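A.B. asks: All chains should be built: construct the whole structure from the sequences, respecting the hints.
Line by line, the protein sequences give chains A and B. Residue numbers for the first sequence follow the working numbering, beginning at 1 and rising by one. Residue numbers for the second sequence follow the working numbering, beginning at 1 and rising by one.
Just so you know, these hints were derived from the structure itself, not from any lab. Keep in mind the model is a prediction, meaning the values are calculated, not measured. All the pointers check out, no bait thrown in.
Label pairs and their computed distance ranges (CB to CB): (1) Glu-263(A) with Pro-148(B): 28 to 38 Å; (2) Lys-174(B) with Glu-109(A): 42 to 52 Å; (3) Asn-147(B) with Glu-263(A): 30 to 40 Å; (4) Ala-41(A) with Ser-117(B): 47 to 57 Å.
Beta carbons: idealized from backbone N, C-alpha and C, even for Gly.
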Amino acid sequence: MLDSIGVVTLSHGAGGRDMRRLLDTLILPTLSNGQHQSSDAASFDWQQVAGDQRLVFTSDSFTVSPRHFPGGDLGSLAVYGTVNDLATAGATPLYLSCSLIIEEGLPLEELQYLLTSMRRAADASDIAIVTGDTKVVPRGGVDGLFINTAGIGAAARELQLGKTPISEQDRIIVSGPMGDHGVAILCARGDLKLESSVESDCRPIHLYSRALLDACPETRVIRDATRGGVATVISEIVQGSGLGAWLDESSLPVRQGVRSACELLGFDPLWLANEGTFVAVVPERDCESALKALRAFPACKNACAIGGFSPHYPDNVALRTRFGGERSLDVPSGELLPRIC
Amino acid sequence: MNTEVDAEMGNTLKYIDEFREPTLARALLQQIHRDSDALMALRTRPLQIMEVCGGHTHSIFRFGLHELLPDAIELVHGPGCPVCVLPKGVIDDCLILANTPGVIFTSFGDALRVPGSQGSLLNARAKGADVRAVYSPADALAIARDNPEREVVFFGLGFETTLPATAVTLQDAKRDGINNFSVFCNHITIVATIKAILDSPGLRLDGFIGPGHASMIIGTQVFDFVPSRYRLPFVVTGFEPLDILQSVHMIVRQHLHGQARLENQYARVVRENGNTQALQAIGEVFTLRDFFEWRGLGSIDHSGLAIAEAYAGFDAERRFALRKASIADPSACQCGEVLKGAIKPYDCKVFGKQCTPQQPMGALMVSSEGACAAYYQYGQYRKHKQVEHA
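C.D. replies: Listed below in C-alpha cells is the structure:
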C-alpha cells in the first residue's frame, strides 16, 4: 500500500517523492484509460475536431457534501457534471481534465474509491481523462476533497441549437423525473433523519441529447436542470425572450419519494437539483418524435412535455394548477431553508 | 402528477391527495359561488375573511385558491407567521447571542433570514458565528449533549404549534441535568393576537379561517369569544385546498343564515379541548409575559411567553446579558394595515420596490408564509396579467 498512515498528507502535495508515488501508484493508473499524457499539458491532433465541427469547452468545480450519496458520489458527479455541460451544447465529449484539491487527512482508500468512480464515469461517458493536477491543503483548507474538471467536446458546425429564438409554437420537455438528486442529497446529509429510497439521477446525458438532436434537429435549447432545478432553468430560458413560460402542474413527472419529502419539508420539486434530468425546448410539431427518441432510453422513459410559452407575462413562469388556477413561479432566493409550520 | 408513463410516478400520497381532489374542489367552488351570489343580494360590500395562520396563506397561494373564489369573497392574510412578526430588537439579541464566544446558536431555518438592525443570522454565520438550522428543539438539545464544552442556545419561536416541543425539550434537559443548554424564548400566543386584531379601530373583518395546527394543541373552545363577543364566524380549518374551500363555504353559509358560530372543519385532527398532555407541559415550562412587541402590530398584552421560574437556568435571557432593545419598524412599512386587512400587500408604498423577499423591509416579506412574500412570489404573474388587460 502507498503509505502506512493511510491518509493523504501535506507531503503528498509538496512536489517531491511522496507526490510522485501518489501520482504513479494511485491517481494516474486509476484515472487514465491510456490516453493520459504525462507532460504538463495534453496535446491533440487538430484534424480530430476540424472540418465541419466546432470545439466546445467547459469547466466546473464539485464540492458536494456528503461525498457519497445514493446513486452516486463526488467522483462520478465531477465527470457527469462537465460531460453534461458539453452534451447540452450538442457536443460529443472528447477530453477531460481533473484537478484535485485534497484536504490533508483524507483516507487514501476513499481517494482511491472516488477516483475509481471517476474513471468508471468517464468510461460510461466516452470521455478520456488526459491531464490534471493535484494539490494538498492543510486541514480546514477544503472540506475533504474538491474536484475541478474541464472538458473539451466537438459539435457539428451546422447545429441549430441556440440559434433560433423560442416562440409560442414551442414546447418545453423534461427528460425524466424532477428533484431526485436534491432529495437524495438531503436524505444523505443525515441531519433530517429522513429515510428514502430515492437515488440521485447522476448520469451522463450525451447519448440522450444526441438522440434528441437527431430526432429533432431544430431543438431550440437543451439545459441540464442542476442547481435551482427545472423552474430556474425555465426562468432563465425566458429571460429577455419577450415571452413567459407556462407549466402544466398535472404533467410534471415527480417520483413518489420526492413528492413525500417535499410535502414534509416544504420544498417544491421544481426547485430541486437534478444531475441527469434536463430541460429541452422543441417545436411543437417535433414534440412527439423528440419524446419518442428520448423514451427509447430506460433512464428517460418518463420524458414528457410539461409546458409552453405565452406572450402574456414576459420573463415570468406561470404554473397551471390542477384546480384550474394559475400562479407565478419565482426563482428561489438564497439557500433553501425549511419552513417551521 | 404524470401517471401515463410510469407507475412509480405520482402514486397518490395517502391522506394528502384525498384533500386535493380537483373534482371535489370544483363542486365546492360551485356551491360557494351559488351561496355567495345569494349572500351578495343581501350585502353591499364583499365578505372579508381572515386566515390567521401563515400555513393557510401558503396553501391559498400555492393552489391558486384566491383566484377561484368569487370576487365578493376577499381573503385577508393575518399575522399567523411567527417568523414574520419577530421584531428587529429580538433579531439583534439573537445576533448578540450568536456572536458570544463559545455559543452554538440554533434556530428553525426560516428565522435565519429575518433582518435585524445589524443584518440577519445568515449574515452572522457568514462572518464566523456558529449558527445552525435545526428542525426541532430536540435536535438543538442533542447538539448540546454532543458539545458539553459549548453553550447551546435554541431560538424558541412560534405559536402554540411549536410550544409543546420546546416545553418537552426543556423538561428533558432538566431531567438529565444538561447545563449547557438554554432557550431564547420568543413564543407567542394566538388568542391574545386575535383579540388585539378584533379590538383594533376600523376593522372590517367578517369571519375567521381559524388556525388548525395551534388548535390541535389548545382546542377550539378558547376561540368561542369570537362569535359570542364579536359576532363573527370562526371556523378552525385544515391546510389542504379542500379544507380551506370547505371552511370558506361554512363561513358564507353562516352569514347567509344570519349566524355567527364556532365550527371545527378540521375535526379529523382537532379536538374541542386540545391536547391535555401538551397543555400540561406548556403550563409547567412557560409563563405569560405582560406584553410582547410585534413587528408590524406593536405591543400586544399577554401575547408572549417567557420561561417559568422553575426553568430559570434554561432561560437564555437570564443566562446572557441581553439588551432587549426595542427598535421601531421602518416608517415606510405598512405591515400593520396589511395585517388588519385595511390594504392589500401591493397597495403598500414599498411593496416589490424597496421591500422584496431578497431584501425584506417589512415583517410580511420575510418568510415564505408572510402575506407580502406570498403575494410577491405567487402573484407577480397575475399583476402582469392585470397590467396587460388594463
